[in-house]
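Residue numbers (UniProt numbering), protein chains in the order written: chain A, 1 to 987; chain B, 1 to 241; chain C, 1 to 289.
Possibly wrong hints are sitting among the right ones.
Here are the simulated DSSO-like pairs of lysine-lysine, each with C-alpha atoms no more than 30 Å apart in a straight line [said to hold, decoys possible]:
#1 A:K117 - B:K21
#2 A:K862 - B:K91
#3 B:K85 - A:K55
#4 C:K65 - B:K85
#5 A:K155 - C:K18
#6 B:K91 - A:K29
#7 C:K229 - A:K201
#8 A:K7 - B:K85
#9 A:K29 - B:K188
It is worth saying that the hints were derived from the structure and are not from the lab.
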Amino acid sequence: MIAKKQKLSSGLTVTSKVFVRSRNGGATKIVREHYLRNDIPCYSKLCHKCHTILKPDSKGELPRFILSESPTRLEKEGSIHYVVVDTNIILHCIDLLENVDCFYDVIIPQTVLEEVKNRSFPIYQRIRSLVKSDEKRFVVFHNEFSESTFIARAKNESSNDYNDRSIRQVAKWYAEHLQESNEDIKVLFITNDKDNLQKAKTEGIVDAYNLTDYIEELPNADVLRDLIPQTSNNESFSSSDANETSYPEYYSNSRVLGGLKNGTLYQGILNISSYNFLEGTVQVGAFKKPLLILGTKNLNRGFNGDAVIVELLPKDKWREPSTTIIEEEVIGADDNADDDGDEEIEFINDKERRLLAQEAIKETTAATSSTDGAHSRLQPTAKVVGVSRRSWRYYVGQIAPTSVSKDHDTGNSAKSCFVILMDKVLPKIRIRTRKAKELLGQRIVVAVDSWPSTSKYPQGHFVRCLGEIESAEAETEALLLEHDVEYRPFSKNVLDCLPKEGDSWVVPQDFETTTKRKDLRDKLVCSIDPPGCVDIDDALHAGILPNGNYEVGVHIADVTHFVKPNTALDSEGASRGTSVYLVDKRIDMLPMLLGTNLCSLKPYVERFAFSVIWELDEDANIVNVQYMKSVIKSREAFSYEKAQNRIDDPKQQDELTQSMRVLLKLSKKLKQKRLDAGALNLASPEVKVHMDSETSDPGEVEIKKLLETNSLVEEFMLFANISVARKIYDSYPQTAMLRRHAPPPATNFEVLNNMLAVRKPSMPTISLESSKSLADSLDRCNDPKDPYFNTLLRIMSTRCMMAAEYFPSGSYGYPEFRHYGLAVDIYTHFTSPIRRYCDVVAHRQLAGAIGYEMLDLSHRDKSKMELIVKNINKRHRNAQFAGRASIEYYVGQVMRNNESEQEGYVIKCFNNGIVVLVPKFGVEGLIKLELLGDVNSAEYDEDKFELKFKDFNNKERVIGVFDKVKVDVKSIKDEVTGKRKAQLILK
Amino acid sequence: MELYSPEGLRIDGRRWNELRKFECRINTHPNSSDGSSFIEQGNTKVICMVQGPMEPVLRSQSNPNQANIEISITIANFSTTERKKRLKNEKRLVELKATLERTFEQSVMCKLYPRTVIQVNIHVLAQDGGLLAGITNAITLGLIDAGIAMYDYVSSISAGLYDTTPLLDLNTLEENDMSTLTIGVIGKSEKLALLLLEDKMPLDRLESVLAIGIAGGHRIRDLMDEEVRRHGNLRLSKVNV
Amino acid sequence: MILSPAERSYLYDSLIQKPPIRPDSRSGHQFRPLEAKTAFLPSSNGSARIRLMDGSECIVSVKAKVVLKSQESSLIECDIDVSGNRDDSNFVSILKFNLTNLLCQNFPMDVLQLTSKYSYKLFIDCLVISHTSYPLTLLSLATYLALKTTRLPLLVSDVDDSEVEEQPTFSDDWDKSKYLKEMVSSNSKFQPPIFITLGVVGDNLLFDPSTEEEQVLENGLILSWYNNKVITPISNINLASNSNNSNFKGMDPILISKSLALLKKYCGEIVDALDGIIEHDDATEGGIF
């Protein structure tokens, strides 16, 4: 709408934006004021004029000029240049924009930024951080608010056309504006839209390029050419790729919205089975059981983790969840990327059909043999009809050797090939590269660009190469990438926030007069940690008070003294959320200087600490508790073993050892109380990899062993966490940073209890009434002949539990704060601020609660706390997965040299394989039917969790869940995914 | 959308300390009221009509020492983007009314008009943030038009806090996302006749928000004064002829 | 203003003359001069304001909402707010009933149709800021103007959704929105109904009686005009709602047919005049006062 413009006395011009918002089926007329101004600078250091028009912000600071006075020169033209990009360039080529080899001095029109934000929030955030970091000299130019670049929407102009025109206007204005200051500068307009290019030319924008042409203009075009994403140029895939198959088109947006509203369509997160890549489930609120999605056609281009829209299939197509293992490599690994078109006219290829048929046979036999049981396991099936949010990110994989055709050596033109991803629930990705041959056998990073309905596989582009497969560096980087762990070194902005003294920082001597800290240097504080620990975040002391009670103190590294809110350091810590521990590497949440020195409660030096000091009676009841910021001086740093030895050694009678004995005594009482209340003792097969210190090759694998001193420290940390949780909840009832652990839903234990009832009838079932009864029933499940059975059961129970989560206290009612595993009513994390961000927040809140300093706004605001919590929950989970993956990798490396026969336990049974857990290595592996014996003789009894088959000696064997078996363990490299994993062979 | 971009621009293109378009007229309803005004603050539009000072209908309403100010507020169903039927006794409205009555009992020289009532009728035609500020300014102008003695202008404006940046004169989108402080400044002084904070604001930031609020209030006062003088001159020119 | 008995008698005597002598020297079929402004509420689909010289003023807004037809009893809803009167008072209820009834029964509802399941619903909100005479005509003329300037967003999704549920989606371009008159079938004209009030004194019929005239009328008639003809119902009413009118009495039925003839003669002009206001009203022109 062409609204009238009105000049105001303040120098602004006001007009209005009128548009229709159709949301939830409504059509609302929206009118917004829109102010135009003439004080928006061009941010170019070349410009002589814009310095006169600047206006300060509320802190009195003037905008800085970013665009360089000597930007890169174009290869052919020889002139210096800036670049204006359009929305699709950003959406599709964000990797290239972030690349350090190109795209400096980039102007992003506000119109583009807003479109990007509406289309993809993550990419918007990446652009914003590019702009913020200054390194690549990106600027946002608010063209819609500038009098010189604002244009009114023309009659009957679509909003896309209008936006394109606005963007062109920016390029035009910049070119003219800078021309006046420097004649050598060119402002290039980059778009891949042919129409837009054409219009630019007719409007007199001479320097309009598409991305490919632009890259060719750069001196380093050779390096960059392969990085151009596929969707960004039209001729990228040869016509033979098109129409190789056809997926059903997604429903239109209005149909999806209508369907969601009237309940015929559902929305949920697609979860592809890790045993069968043709089977996915979507949990939607409307049904108790998740919806099954079977086959590629129904999965309809959904990726694991996508938010999808699904529609139910008719009842006669409802199925039981499959009991077959199907991995993608079985089916399509040897496809040639360029000509798989011919036989794909029919949707299911033969291999898929056979597997599905096999499924169908099983289905029918199961239905006839068992009279009624089968039907109750029927699950509704559905098909994907839309994707509301893609989970696409960087993926790590390797080029499938078979997809690189022989004629690849001819010529320098780009050829299609497939990249098989490490994550086997994801399909392979088709990329185009000139370097396929060189990249064979390398771990590479790719990004997905699109998945047209005519293409059997998604299309993507090469991002970079990590190194040779199975090299420790490449694999470590791969798993960090796969788990979205930020591992780049800290930026200069972040490091600038550290104390200037660096390593020579010491506790200032005048702290008693300048701060409210308590002097606790006379207390006999010591720390107990794993051997070789350098980031010591906790220390303890104990003593006997004159009244016979005990004084116990827990001292935590005072990280928040160095990490102040609203600094670059703080936001980096907040976004990393946690340190990540890999077998051979630690990815720190905070820079080394803090973690291993300034904050670390090293012995013999004075350190700032946050202390919790209790007065406890003989039975470890709290008489009194105090919180304070303090200065301590640790007397000694023990390893668990050393501490244990010192306590156990009757000759040691010094004060420090005495106090440790007090701590041990009290910790046992605390532990007993906890167990009485119903705290769980669950197990996971934790192993530790010993590294050969010379070669840093992994040597052997060992199950972690626990000493009394381990639990000493653990008990007091739990104790401190609980006390702090109560205190901050008291002061900040809406925003206190807490941690909860929900009780497991009964359905999670259904299968396990079924297995127990069928396979081990003598065992009591696992009770879920409370954590206490669960703990008790687990205690009762003892097999006198096999002491490991109890541990096995605990491992399997752990997998049925809910994950604990961080939350701000306002999001749940008090009864739901409960931590099920620890059996306490309220809990938080306070004791490891060096490596967890939750603890940093808890520290700040506790400091606020005791009136030490004002609590920052962001920790008093519920919505901001929600954001923090969401991120750290995700980071915490990813860190755990990354840690496990790292162990898995190294265990694989260890076994490479140690082939051996081991004891294992069957924990799952399928109709074509079994899953065995080997406690010695903490590994579990799938043994497929082909490796067990005669495929055709196999019979699977679902009700008994048993698989009957003839082995290779033609001997009849029956194997069921919980059976103890002997297996040969060796490590093999999977040629398709390049992943090394444990191969188990049944003896 | 970015409420306040790193480049220092707000969602509608203003900077942190800029007012929206402020337009006002007095004597808009000469035939149906003793004093009237119409103000537009951004897209917020308010009509004010003043009757009185006059004899109250009921004896009980009269105060022998001073005038009673009665304010009734009608918020049109169509004033917001989504139409909403509003009840007269809605809690928010009753509170608004009480706040305004208290503000103007202090600002009008009520002692000059004992045993009378001053009836103020407010019609809110469109809302786009700063409702209380808009109504307050409209009443000030309406009372001036009615020739009722006041100590000085009460000019009102809202301000909020985005992170650490104070923002002046919030529109609806901004108001929905941050806590809002509305103040009524007396004349060119730094005295406040009205201060209302919805939600909460950290004490250590309040001063900066108040500071831009007061500066904004002074600018509003000047704009209102200009209109009063313009209208006064117009009347005067008619008398002289 | 309430008249004294002497004033009343004087006024009655002059009105009963042939032709009547009206205090503001209007002829019997003349309306009071009015001033109107349309499309001035930014967030409404249509709006109008009418002011009379005596300070009477009425603002009408039309807002459209997308609804499921099956869940609505009516596609038009009117709400009236008269300053100084309670919402549940008789006075307001009668006005509301009359206006709702008129519009619901005489409106080309098919212009609101979106799909087989969805339709627009119009919310007509009238705000009488001040009034002296009975405000029904004022209301109805303002409503006429508001409806004539009402624009509805353009539907871009499928019209047929009887088989598969689709949520309607609309073009975000307000310039693409359509006036109601553009949506009626080509051979008919979009002309919302209006009310005309007539005062009866003797056998004189007076258009648009003023508040003073109302106090001496022998009877009042409310007629409605739609599609170039008078439509039912025709009702009579004591227009002087807040003063007792001792002249009020029964009426000669012949006057009804006379009134029909009068409307036929003059209503076309009235409607044309209103349409003229819209044409000359520049929507982009500044403030409303």
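Taking the hints in turn, this is what the structure says about them:
no., hint, result
1, A:K117 - B:K21, "28 Å, holds"
2, A:K862 - B:K91, "25 Å, holds"
3, B:K85 - A:K55, "43 Å, violated"
4, C:K65 - B:K85, "14 Å, holds"
5, A:K155 - C:K18, "57 Å, violated"
6, B:K91 - A:K29, "28 Å, holds"
7, C:K229 - A:K201, "60 Å, violated"
8, A:K7 - B:K85, "36 Å, violated"
9, A:K29 - B:K188, "39 Å, violated"
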